[in-house]
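**Student:** Kindly generate the complete structure, drawing on both the sequences and the hints.
Those protein sequence lines, which keep their order, are chains A and B.
In the working numbering, each residue carries its 1-based index in the first sequence increased by 2.
In the working numbering, each residue carries its 1-based index in the second sequence increased by 153.
Hints should not be assumed to be uniformly reliable.
[As the list claims (entries may be wrong)] SDA-like cross-link-like pairs, simulated, lysine to any residue; straight-line CA separation at most 25 Å:
1) K233/B to T23/A
2) K29/A to Y237/B
3) K58/A to R338/B
4) K235/B to P26/A
5) K29/A to E323/B
6) K29/A to L321/B
7) K29/A to P319/B
8) K415/B to A83/A
9) K233/B to L89/A
10) K29/A to L412/B
11) K58/A to P319/B
12) K58/A to R337/B
13) K122/A to G165/A
14) K235/B to G24/A
15) K233/B to P43/A
16) K233/B to P10/A
17) K233/B to G24/A
18) K235/B to F7/A
19) K29/A to W392/B
20) K58/A to V340/B
21) K29/A to W333/B
22) K415/B to L89/A
23) K29/A to D186/B
24) K233/B to H38/A
25) K58/A to R332/B
26) K29/A to I205/B
27) K415/B to P43/A
28) K233/B to I4/A
29) K29/A to R337/B
30) K233/B to Q9/A
The hints are simulated quantities; they were obtained by calculation from the structure and are not laboratory data.
Keep in mind the model is a prediction, meaning the values are calculated, not measured.
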Amino acid sequence: MIAGFEQPTTGEVLMVGSPITGLPPFKRDINTVFQHYALFPHMSVRENVGYGLRMKGVPRAEREERVSQALAMVKLDQLGARSPRQLSGGQQQRVALARALINRPRLLLLDEPLGALDLKLRKEMQLELKHLQTRLGITFVYVTHDQEEALTMSDRIVLMRQGRIEQVGTPRDLYDRPASRYVADFIGETNILTGTVIQEGPRPVVLKAGEDLVRGWSDAALPVGSTAWLSVRPEAIQISAEGHPATGDSVLTGKIVDAVYSGSLLRVHISLAGGQLIVAHAPAGTAPGIGDRVRLSWGAERGRCGSD
Amino acid sequence: MPVGFVTALLFIPYVLLLVQSFWRLQGGAITHDFTLDNYRRLFGTALYPNTILFSAGIALRVTLFSLLLAYPLAYLLAFKVKRYRNLMYMAVIIPLWVSYLVRAYAWKIILGQEGILNGLLHSAGLIDQPLTFLLYSRWAVILALTHIYTPFTLMPIYAVLEAIPPALKEASQDLYASRWQTFRRVVLPLSLPGVIAGSTFAFVLSMGDFLAPQLLGGNDSALMVSNLVWSLFGVAYNWPLGAAVSVVMLVLTLFLLSLAGKVERAMNYGGQAVGRAGGRVVGMTGDEK
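**Tutor:** Next up, the structure:
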């Protein structure tokens, strides 16, 4: 709908205040980087990049110069004469980017542009795209299913679920103050506990989850007696041996069932009395014993509550 | 072992044909001594090259008309028709199941003096006397061959068009190309391998066609090369000369097929290898060792 390939059944699409709803793609000041790049296989890299200018009727001399600039921008100046299929995935990605940006659109739509690249290249391209965006000052609308990518790259995230907006905000907002259980679960890794509200705010809200009392903050009013969820990130949870005094406001006890080493940290899986699994992070140097009974605790400000 | 058997059975006739073309006719009997006379006569007499050229001219026109019919239809099938696509595709393909002979005869019924077309025109009051030029002319042959070979042209074109990723068309429109420019710059160039495969089919098959000229061509049929070969083997009882004409046609056809195969391969962009029909025929002779 942004690019104009599909028309909305209701509502309007506005760009910088003016409606573009009925406009065909070729009349919009928007360019797209497609999911699988959609480079024209029968044209050279230069022809691909120059296609938009050619269709707009830009004279050859100016076109050639801008193509060279665009290729230099994505560091492909040497490969202009090649055919797209002679390029690696990352290079094809850059061609697609140059082909869209050369037209100096007001908005660049990127449809999962890095989906086909391997992890290392993807990280590189993420940073590169971000720098490029800052330098050019063009609005990028970046579609991704990768929540980490969304957090890394965005100034503002619109989290959509089945065509509806779940939350709009900065990456920090979405991570630290998820508006719904879905957002909490989708962005980053989290533990979700469900329980009954036994103490309404002022903050913190207290939930009774099973036999335990847990605390977290909420933006919405949660009446006593209603059912609510609480989300707590693995990195917020302290693990301490049973018997030691707990450091946080919320305390749970459970048994370690697994500890997965993942380089910079250890991901510890703890089974609660009710059978629910909680994931908590521990420093990579520690060696928790499988089967040990432990206490889990966190400060109330690290928990988020909601009622949906 | 079976492969060798089949290969032998496929190749022995060709060898026999080649050998035959170097023999000579002497006093009404074929003598088995080696001579190049047949080829000298073939290239020295205007009749034979002219016949081949005339056949090529017919084939060229058939190819052109088939393309003009098949390309728009293939385009509609591939991009515009959604719901009845399979039904329409079958409607194009099903005539191929009907015997070629029947279809050629059908044209006889349509175009003949007492035929359907004359009947219609007469009852519409447009003519008093039946039109006689409809049947038994090169145009009747071209018409029938176009009808018969259009599906062959359509299939490879449809296959390449369908294989073009929709994102390429979207990308073109996203880059300010109108629908026509998108067709001209993206769809058409990408469909050329299919066009070449289809044209090769239509050209080669109609150039060597025998039945349509025989049934519908009248006096013009004598100008088609297959009918010439037929009369050389039959009425004239000059098998060696007939074999020589056949060998020349065979070489010409193989040359055309390999040329088409080469062009197609050169134009095969990325993974969209579809209309490789021409190339495959050539590949068969080489690969079955």
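**Student:** State for each hint whether it applies.
**Tutor:** The hints, checked one at a time:
no.	hint	verdict
1	K233/B to T23/A	23 Å, holds
2	K29/A to Y237/B	32 Å, violated
3	K58/A to R338/B	14 Å, holds
4	K235/B to P26/A	21 Å, holds
5	K29/A to E323/B	13 Å, holds
6	K29/A to L321/B	17 Å, holds
7	K29/A to P319/B	19 Å, holds
8	K415/B to A83/A	23 Å, holds
9	K233/B to L89/A	33 Å, violated
10	K29/A to L412/B	42 Å, violated
11	K58/A to P319/B	22 Å, holds
12	K58/A to R337/B	15 Å, holds
13	K122/A to G165/A	31 Å, violated
14	K235/B to G24/A	23 Å, holds
15	K233/B to P43/A	23 Å, holds
16	K233/B to P10/A	21 Å, holds
17	K233/B to G24/A	21 Å, holds
18	K235/B to F7/A	17 Å, holds
19	K29/A to W392/B	69 Å, violated
20	K58/A to V340/B	19 Å, holds
21	K29/A to W333/B	14 Å, holds
22	K415/B to L89/A	24 Å, holds
23	K29/A to D186/B	77 Å, violated
24	K233/B to H38/A	24 Å, holds
25	K58/A to R332/B	14 Å, holds
26	K29/A to I205/B	53 Å, violated
27	K415/B to P43/A	18 Å, holds
28	K233/B to I4/A	24 Å, holds
29	K29/A to R337/B	19 Å, holds
30	K233/B to Q9/A	18 Å, holds
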